[in-house]
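Undergrad: In case you want the letters, here they are:
Protein chains: 8
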Amino acid sequence: MEIKELLEKVKTGEMELSRAEEILKELPYENLGYANLDHHRQLRNGYGETVYCESKTAEQIEGILHSFQKMGSNVMGTRVKPEQYTYLKERFPELIYHPEARIIMLMDHPVEQVGMVAVCTAGTSDIPVAEEAALTAEFFGSRVDRIFDVGVAGIHRLLARTEEIRKANCVVAVAGMEGALGSVMAGLVENPVIAVPTSVGYGASFGGVSALLTMLNSCAEGMATVNIDNGFGAGYMANQINHLAVGAGKKEA
Amino acid sequence: MEIKELLEKVKTGEMELSRAEEILKELPYENLGYANLDHHRQLRNGYGETVYCESKTAEQIEGILHSFQKMGSNVMGTRVKPEQYTYLKERFPELIYHPEARIIMLMDHPVEQVGMVAVCTAGTSDIPVAEEAALTAEFFGSRVDRIFDVGVAGIHRLLARTEEIRKANCVVAVAGMEGALGSVMAGLVENPVIAVPTSVGYGASFGGVSALLTMLNSCAEGMATVNIDNGFGAGYMANQINHLAVGAGKKEA
Amino acid sequence: MEIKELLEKVKTGEMELSRAEEILKELPYENLGYANLDHHRQLRNGYGETVYCESKTAEQIEGILHSFQKMGSNVMGTRVKPEQYTYLKERFPELIYHPEARIIMLMDHPVEQVGMVAVCTAGTSDIPVAEEAALTAEFFGSRVDRIFDVGVAGIHRLLARTEEIRKANCVVAVAGMEGALGSVMAGLVENPVIAVPTSVGYGASFGGVSALLTMLNSCAEGMATVNIDNGFGAGYMANQINHLAVGAGKKEA
Amino acid sequence: MEIKELLEKVKTGEMELSRAEEILKELPYENLGYANLDHHRQLRNGYGETVYCESKTAEQIEGILHSFQKMGSNVMGTRVKPEQYTYLKERFPELIYHPEARIIMLMDHPVEQVGMVAVCTAGTSDIPVAEEAALTAEFFGSRVDRIFDVGVAGIHRLLARTEEIRKANCVVAVAGMEGALGSVMAGLVENPVIAVPTSVGYGASFGGVSALLTMLNSCAEGMATVNIDNGFGAGYMANQINHLAVGAGKKEA
Amino acid sequence: MEIKELLEKVKTGEMELSRAEEILKELPYENLGYANLDHHRQLRNGYGETVYCESKTAEQIEGILHSFQKMGSNVMGTRVKPEQYTYLKERFPELIYHPEARIIMLMDHPVEQVGMVAVCTAGTSDIPVAEEAALTAEFFGSRVDRIFDVGVAGIHRLLARTEEIRKANCVVAVAGMEGALGSVMAGLVENPVIAVPTSVGYGASFGGVSALLTMLNSCAEGMATVNIDNGFGAGYMANQINHLAVGAGKKEA
Amino acid sequence: MEIKELLEKVKTGEMELSRAEEILKELPYENLGYANLDHHRQLRNGYGETVYCESKTAEQIEGILHSFQKMGSNVMGTRVKPEQYTYLKERFPELIYHPEARIIMLMDHPVEQVGMVAVCTAGTSDIPVAEEAALTAEFFGSRVDRIFDVGVAGIHRLLARTEEIRKANCVVAVAGMEGALGSVMAGLVENPVIAVPTSVGYGASFGGVSALLTMLNSCAEGMATVNIDNGFGAGYMANQINHLAVGAGKKEA
Amino acid sequence: MEIKELLEKVKTGEMELSRAEEILKELPYENLGYANLDHHRQLRNGYGETVYCESKTAEQIEGILHSFQKMGSNVMGTRVKPEQYTYLKERFPELIYHPEARIIMLMDHPVEQVGMVAVCTAGTSDIPVAEEAALTAEFFGSRVDRIFDVGVAGIHRLLARTEEIRKANCVVAVAGMEGALGSVMAGLVENPVIAVPTSVGYGASFGGVSALLTMLNSCAEGMATVNIDNGFGAGYMANQINHLAVGAGKKEA
Amino acid sequence: MEIKELLEKVKTGEMELSRAEEILKELPYENLGYANLDHHRQLRNGYGETVYCESKTAEQIEGILHSFQKMGSNVMGTRVKPEQYTYLKERFPELIYHPEARIIMLMDHPVEQVGMVAVCTAGTSDIPVAEEAALTAEFFGSRVDRIFDVGVAGIHRLLARTEEIRKANCVVAVAGMEGALGSVMAGLVENPVIAVPTSVGYGASFGGVSALLTMLNSCAEGMATVNIDNGFGAGYMANQINHLAVGAGKKEA
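Residue numbers (full-length UniProt numbering), protein chains in the order written: chain A, 1 to 253; chain B, 1 to 253; chain C, 1 to 253; chain D, 1 to 253; chain E, 1 to 253; chain F, 1 to 253; chain G, 1 to 253; chain H, 1 to 253.
Be careful, since some hints might not be right.
In silico contact screen, one side only, chain H against chain F (beta carbon under 10 Å); selected entries [to be verified]:
#1 I155
#2 H156
#3 A160
#4 A204
#5 S210
#6 L213
#7 T214
#8 N217
#9 C219
#10 E221
These are calculated hints, taken from the structure and not from any lab test.
From a predicted model like this one, the values you see are computed outputs, not experimental measurements.
C-beta atoms are modelled at their ideal positions from N, C-alpha and C, and glycine is treated no differently.
All chains should be modelled from the sequences, with the hints used to inform the complete structure.
TA: What follows is the structure in structure tokens.
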């Protein structure tokens with residue numbers, strides 16, 4: 001919920017004054033002791049909030065979800081382990097879990113999905129990271145086209161989908177092992193490519209370093225790279241670019 | 001020059017038939033033996049062409065420039081050493097050299113600059129890489145705002161410029177040493193940030209690896225990273241995003 | 001207990017001669033076979049003793065605790081696993097365990113806390129390491145101000161606490177992932193900053209290497225770095241500096 | 001010159017109003033285009049200013065020196081190459097150069113040296129880095145005791161100097177190759193040790209990485225580490241600690 | 001010259017007995033003091049000999065060339081610097097130098113070239129390493145098809161040559177930067193691919209490590225990798241495979 | 001089954017038209033959503049298909065096996081965990097499991113084994129990787145000679161088997177720790193050697209990096225290297241070379 | 001048992017002819033399929049045999065023990081897990097297990113221990129590796145002096161034992177973390193020092209790499225290094241040197 | 001000159017009292033400001049002194065040589081550049097330079113060479129490092145057998161020299177690239193092997209890291225390793241072992 005919208009709701013009586021007060025008094029930060037929550041973004045642009053859950057306790061995540069829920073935000077949690085989900089599901093029955101992507105979502109209100117982001121993987125094993133990217137882009141309001149297992153060792157599988165991929169405003173290329181998907185992709189499309197190396201592989205893949213270096217060293221133009229297995233980061237930036245392209249970006253918002 | 005434009009010029013008599021033939025017969029690739037030139041992009045979207053000159057001989061660059069010039073393309077060369085420039089200047093008197101950025105430009109026709117890309121550096125020493133990014137974005141048609149020496153060790157210098165930076169459709173953050181500029185920046189603006197680590201530093205900076213890792217591991221949302229010292233790659237992608245935002249991207253083109 | 005104090009206690013009859021003998025005859029080292037204990041420090045300056053428990057057996061730790069207890073020392077153990085604690089608690093009922101920081105304390109006498117050390121973290125996940133630093137500084141006699149989750153991706157959270165942080169004689173900055181907290185902090189305060197990289201992160205954080213390199217390469221003045229996750233080392237040195245500042249250091253003690 | 005002092009000089013007529021105006025109007029930053037100078041520190045605490053000259057042009061350094069000189073600051077430049085010095089000496093005849101440490105100093109007013117910092121090296125080859133540390137500490141107002149070539153392979157050379165080293169409020173331990181000096185030192189003294197790894201060595205020293213790792217992994221208490229060859233950083237922090245100990249720190253300032 | 005051939009020449013009087021003796025008495029090794037030459041291979045299979053010249057003095061190379069020349073061998077030297085060539089050319093007027101590939105050849109007798117090896121590069125800058133591979137394969141008796149600048153960022157340039165490449169019994173894929181050429185190639189052809197990473201690139205290419213890792217981690221089947229810039233090794237093995245395929249391998253030899 | 005064979009079977013009535021249609025209509029790719037299967041190879045050359053099972057779910061592998069089985073292909077799965085096998089065995093009773101090599105095979109028709117590939121190991125611990133190589137080569141139609149525990153620290157064990165090894169058209173050298181087997185082997189035989197580093201070792205073996213580097217840096221001629229523990233890749237390429245040598249390669253097929 | 005001894009036993013009737021035959025017929029190697037056992041050493045010099053058990057199955061170790069037992073050898077196994085020991089103990093009731101050092105011994109005949117090897121550790125946590133070294137040296141016939149927890153952070157603990165250490169013909173210095181023990185030791189004694197880095201440590205110790213680099217880069221004379229945690233290798237070589245010094249080496253044997 | 005010898009010379013009048021006084025008064029260390037010289041060793045055991053000259057100025061080396069010369073020591077300098085030698089030769093006309101090994105020697109008295117050390121290299125390019133080892137061993141009193149270019153890629157060259165190598169009390173194995181010489185050697189001889197990795201190689205040899213890792217990971221028994229290119233260290237330790245074996249070690253001395 002954005003500030004403008006909040007004020008209008010108060011004006012129209014849709015929101016009680018006391019609730020509006022409660023929301024506004026948390027500004028600029030809500031300090032939970034173990035976490036300082038920034039409620040600015042949601043209020044500024046209506047975007048949802050996200051929580052990186054990897055090394056937080058279930059209790060800490062619970063506190064953060066409560067705080068954002070109270071503010072009327074949509075919230076997405078990443079890197080959520082099944083046991084964390086089980087704990088949280090009991091406290092937030094409306095919580096949704098995507099186990100492959102390890103993502104939870106607690107939706108306050110629906111989000112319209114616009115434009116198009118293409119999320120592609122080199123192999124079957126890269127799908128969990130790709131789903132993290134795809135769900136993130138969808139959470140923030142992008143339509144997503146999933147195109148999986150089109151790695152460069154069978155280049156014709158990729159070429160067969162090129163026209164489809166070119167329709168996206170931004171492409172997310174997810175690949176482990178040699179990680180060459182991004183380079184080939186950036187040479188085929190004209191819009192920006194966000195490359196995500198994955199930790200899929202063994203031996204000299206060094207947990208994704210091989211794919212990361214491949215992507216950083218690409219001689220294809222129009223590609224940038226995020227951290228290994230960082231599907232979230234790629235989905236977030238792809239959504240930014242998609243919204244800029246659609247015109248639903250800062251100019252209109 | 002785009003294909004549509006070429007055909008119209010033939011139709012209107014602005015271009016002679018023989019010249020049009022010469023251009024079209026090179027399609028799809030022109031093989032110089034040591035290089036296979038792709039003239040598609042220029043014809044498809046009117047963008048200029050670029051040559052990575054680092055490990056090419058001056059003679060090879062000369063051949064490539066001739067080929068693109070013949071096609072009516074603007075051409076930009078990166079990583080050009082002074083002695084390469086001296087050789088080329090004699091053969092292409094209209095050649096322009098930006099020594100700090102090590103860039104040459106051979107312009108066939110002017111390019112309109114639209115929108116806004118902000119190019120920021122952490123320190124004075126990062127300026128050459130930043131200039132490579134800025135000139136690249138300008139070459140491809142973006143307006144650029146240069147904001148230099150605003151590194152995080154003196155955070156108020158950066159905060160003083162935040163409003164200005166927020167006006168850009170895309171931000172390029174150039175930093176060596178600890179490379180923290182990108183993270184802070186991405187937390188301050190809402191549009192995408194392209195982070196460029198530089199090889200500025202000594203000891204455990206390992207030629208830019210420290211800054212690269214900082215950028216890849218940023219917990220700020222909305223940032224992706226290119227190779228160490230790859231100002232060109234950042235400028236190229238910033239231009240793509242800027243054009244998508246301006247609406248002068250593929251939709252209108 | 002210091003030597004001077006010991007002798008005075010003998011003189012005043014507060015300590016029996018036989019007990020004083022027992023203490024003094026262990027000088028300079030007590031050899032337990034698997035460990036050579038140095039009782040000098042406690043005797044010289046009344047500081048407590050510490051034991052790194054990571055790869056010691058519970059039996060070995062028990063022996064060391066007994067030996068220090070016998071000497072009238074406060075003892076702190078770091079990197080203590082819950083099962084080690086369970087074993088030791090049965091033998092030392094007065095033992096205190098801080099599970100998040102994995103620290104045990106066996107106190108012979110209270111310690112006055114003076115001056116001020118600020119312990120800050122970039123994120124919630126860095127808190128365990130920060131607690132190790134904070135408890136260590138407290139064990140050795142420093143007052144500690146805990147300021148958590150003020151990472152640079154939301155720079156205003158940190159700026160809001162700057163005045164508070166400046167009051168400390170020494171700042172401990174704990175951060176994983178990109179580890180930029182230290183640089184920004186050192187630019188904001190005038191007293192020394194001890195930076196502690198943590199192993200929080202994934203992918204190209206390489207178990208804390210990314211944060212470590214960021215901190216080593218900081219262009220901010222007035223910062224030095226300890227090993228990844230070494231909250232103990234940072235807390236120890238922060239206490240040294242704090243005591244030098246307070247004047248309760250070696251000159252007066 | 002501090003603000004208080006400036007105002008008093010105006011009051012007493014020692015400084016003309018126009019000069020005071022010129023100084024104050026630059027606040028908070030002076031933007032030279034390629035550099036944003038922060039004049040706060042000098043005004044706040046009377047400390048001098050420093051410039052990292054490694055990758056700046058001689059012209060850029062000249063501009064920065066002029067700017068600080070105009071403000072009445074002492075200025076020190078680090079990593080100055082002989083040819084940079086030659087250029088600058090012609091423009092600032094009072095400039096002093098320490099070639100071994102690659103440091104220039106442009107002094108506006110003398111600085112009193114108080115307390116004691118010990119700067120030690122393992123070998124003869126580590127002296128240039130040690131001199132950078134020593135000169136930095138002296139520039140900021142610390143007395144320095146230089147103790148060179150006391151590496152651990154001849155441990156008695158170090159033991160012979162222990163009493164002398166213990167008199168310092170802070171010790172800087174400079175060592176390349178195996179870098180063990182810091183560990184032994186921190187075990188011998190009770191005040192903080194700042195360890196500086198140097199790039200002295202060959203083969204598996206990897207340009208100082210071996211010494212850096214040794215220092216980070218020290219099991220001695222009371223030591224922190226700066227970047228490879230970063231004598232400046234160690235000297236700066238040693239001076240901070242020394243001033244805190246002397247009581248000339250922030251409490252009195 | 002093979003042993004069988006030597007004996008036949010003696011029998012037919014084509015070779016004098018004294019010359020045959022001189023050759024045979026060097027068996028099995030000729031010890032030059034600084035080098036132990038193995039004349040077995042030439043005698044066993046008529047293949048030529050090779051010398052790695054990188055860190056040998058011109059005098060040492062001269063001695064080795066003389067020794068092989070005396071045995072009637074063809075000799076090829078790799079990594080020969082221009083000044084080494086100048087020295088050697090005066091002593092061996094028939095010496096041939098390929099400056100781009102840094103190869104010298106001293107031919108005793110012509111070698112028939114059979115079958116087909118394809119040597120491909122990703123970019124123009126990879127040509128020197130590719131030439132080392134191509135000349136090596138030719139020296140040992142393979143026909144070579146050179147296909148340069150067909151990197152994956154412009155995948156259609158490669159696809160246009162696929163049929164031609166498939167005709168080879170073995171493919172050498174030479175690429176720096178992201179090094180993805182090998183993977184795509186191995187997916188397109190059915191014969192073995194020898195991948196050669198090159199040190200072309202900058203920043204996170206780490207002198208060829210990026211390309212090396214890409215190649216080692218390829219999920220394409222039928223590819224193996226040699227050291228960075230080791231065109232010689234790839235050309236040698238490609239020739240072995242080509243001869244096995246042609247049937248001029250050990251079975252017929 | 002190859003296309004020619006398929007058509008002949010239709011012609012002779014051995015295969016029903018509807019079955020042939022089913023096979024052909026999947027061309028060129030069968031998209032299972034999570035995987036794009038390429039049935040070309042089997043149809044082109046009668047080779048079997050392979051599935052890398054490491055990070056696929058048992059359900060995904062089941063789907064892929066079904067698809068290939070339906071096409072009349074032999075299928076081999078690598079890196080299969082016992083629990084995956086248990087799941088699959090219930091659904092494909094004819095499935096064979098080689099637990100040491102972690103390979104499953106689902107055979108539609110027998111494969112003739114020709115020529116000879118030698119698979120050698122340095123130690124007992126390298127046998128699992130060697131078995132992966134050996135079974136792969138056998139799956140694709142090569143005879144295999146297994147020669148285990150002939151590492152270079154007891155060089156006479158290897159020399160005793162040299163004559164036997166020389167009979168192979170291609171040698172696979174599998175070694176962990178110092179990984180020197182490949183170099184010595186390549187110096188002893190004249191046919192190509194595929195070196196496979198294994199992750200056997202501890203400490204500075206870094207999970208196989210030591211052996212990998214040894215193999216890449218070999219000064220022996222005629223060797224190329226695959227990824228750490230990549231027995232499959234080595235077996236595949238050894239089979240390619242063996243078939244080229246036997247003449248059952250593409251020329252006759 | 002040595003060959004000479006064996007023949008004498010036959011001559012004197014102490015050994016039956018058939019048993020001697022059985023032993024001799026295994027020469028030079030006994031091939032168990034998964035292992036090629038070298039019985040030469042035992043026969044040549046009466047030394048015992050060793051088996052590296054880390055990645056062997058209990059069944060394989062059993063076979064190897066049987067084979068050596070049959071030959072009358074003493075056998076020692078290293079890196080033996082408790083479950084491997086349990087399996088083996090049932091089959092070899094006389095087997096002895098040293099759990100801390102993970103060593104098993106199966107003794108055919110006693111070994112005289114001569115000379116002196118000193119085995120020292122920096123900390124308590126390094127003892128398991130030190131015990132591996134000490135037991136190895138004892139197994140091969142050296143007397144061993146164990147001196148534990150004398151790390152350099154408390155240098156006086158080491159100095160107090162110097163005279164004792166100097167009596168050894170060879171010193172083994174075992175240390176993790178910063179690994180500086182070796183350097184200090186080599187500066188204190190005149191006989192050779194074998195340094196063993198251990199994987200004790202955390203963070204930037206990188207599993208022992210820090211200690212390894214420290215030891216390799218030592219500027220002390222008279223020290224060489226073995227692999228991380230390789231107590232066996234150090235003990236073996238210390239025994240060799242000790243026997244050379246005692247004169248029970250090859251000259252007398 | 002040893003202390004006992006000095007006193008005897010005084011007694012016999014061979015040395016003047018004043019000269020003896022001058023020597024003795026420097027004990028224990030002579031502090032040159034930039035260097036603390038330890039004259040103990042020479043006096044204790046008559047061994048010569050050594051100076052590592054790499055990063056010392058010619059003036060500093062001159063001072064050190066003078067100091068040792070004055071004490072009647074033989075002195076050897078390592079890593080001496082030609083220009084350093086030129087400077088020193090003018091001041092010490094009797095100075096000897098070995099340019100390949102970069103060693104200078106300033107001999108006060110001859111040294112008897114006893115026993116035998118074998119110094120072997122894998123290739124011609126490893127000879128400079130081997131010469132540093134050989135000359136060092138000779139300087140300290142060992143006879144040396146040089147056996148060059150016997151690398152494992154031509155294993156028979158090494159086997160042909162095995163008997164000769166076995167005669168040495170200690171073997172120094174010098175190798176770059178894959179560095180396998182040490183492993184094979186240690187398997188062939190029964191006395192200790194000191195392995196020296198060299199920086200010879202390119203690409204993935206990483207300046208000697210490949211050879212270093214090979215040597216550290218050797219599964220051969222009886223080998224330890226020194227730093228890359230550290231011929232001096234290997235020669236020193238080989239001499240120690242050789243003297244222990246000969247009986248000229250500490251027991252007789």
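Undergrad: Look at each hint and say if it fits the structure.
TA: Now for the hints, and whether the structure bears them out:
Here the hint on I155 (chain H) is kept, as its CB sits about 5 Å from the closest CB of chain F, short of 10 Å. With its C-beta approaching chain F no nearer than about 9 Å, H156 (chain H) sits inside the 10 Å limit, and its interface hint holds. Given the 10 Å rule on beta carbons, the hint for A160 (chain H) is violated: about 13 Å separates it from the nearest Cβ of chain F. Because the beta carbon of A204 (chain H) sits about 4 Å from the nearest beta carbon in chain F, less than 10 Å, this interface hint is met.
The criterion of a C-beta within 10 Å of any C-beta in chain F is met by S210 (chain H), whose closest approach is roughly 4 Å, and the hint holds. With its C-beta approaching chain F no nearer than about 4 Å, L213 (chain H) sits inside the 10 Å limit, and its interface hint holds. A distance limit of 10 Å between C-beta atoms decides the matter here; for T214 (chain H) the minimum to chain F is near 4 Å, and the interface restraint holds. Against a cut-off of 10 Å between C-beta atoms, the interface hint on N217 (chain H) holds, since the closest Cβ of chain F lies about 4 Å away.
The beta carbon of C219 (chain H) is positioned within 10 Å of a beta carbon in chain F (closest approach about 5 Å), and the interface hint is therefore held. The beta carbon of E221 (chain H) comes within 8 Å of a beta carbon in chain F, closer than 10 Å, and the hint placing it at the interface holds.
Comparing the model with each numbered hint stated earlier shows that hint 3 is the single one that does not hold.
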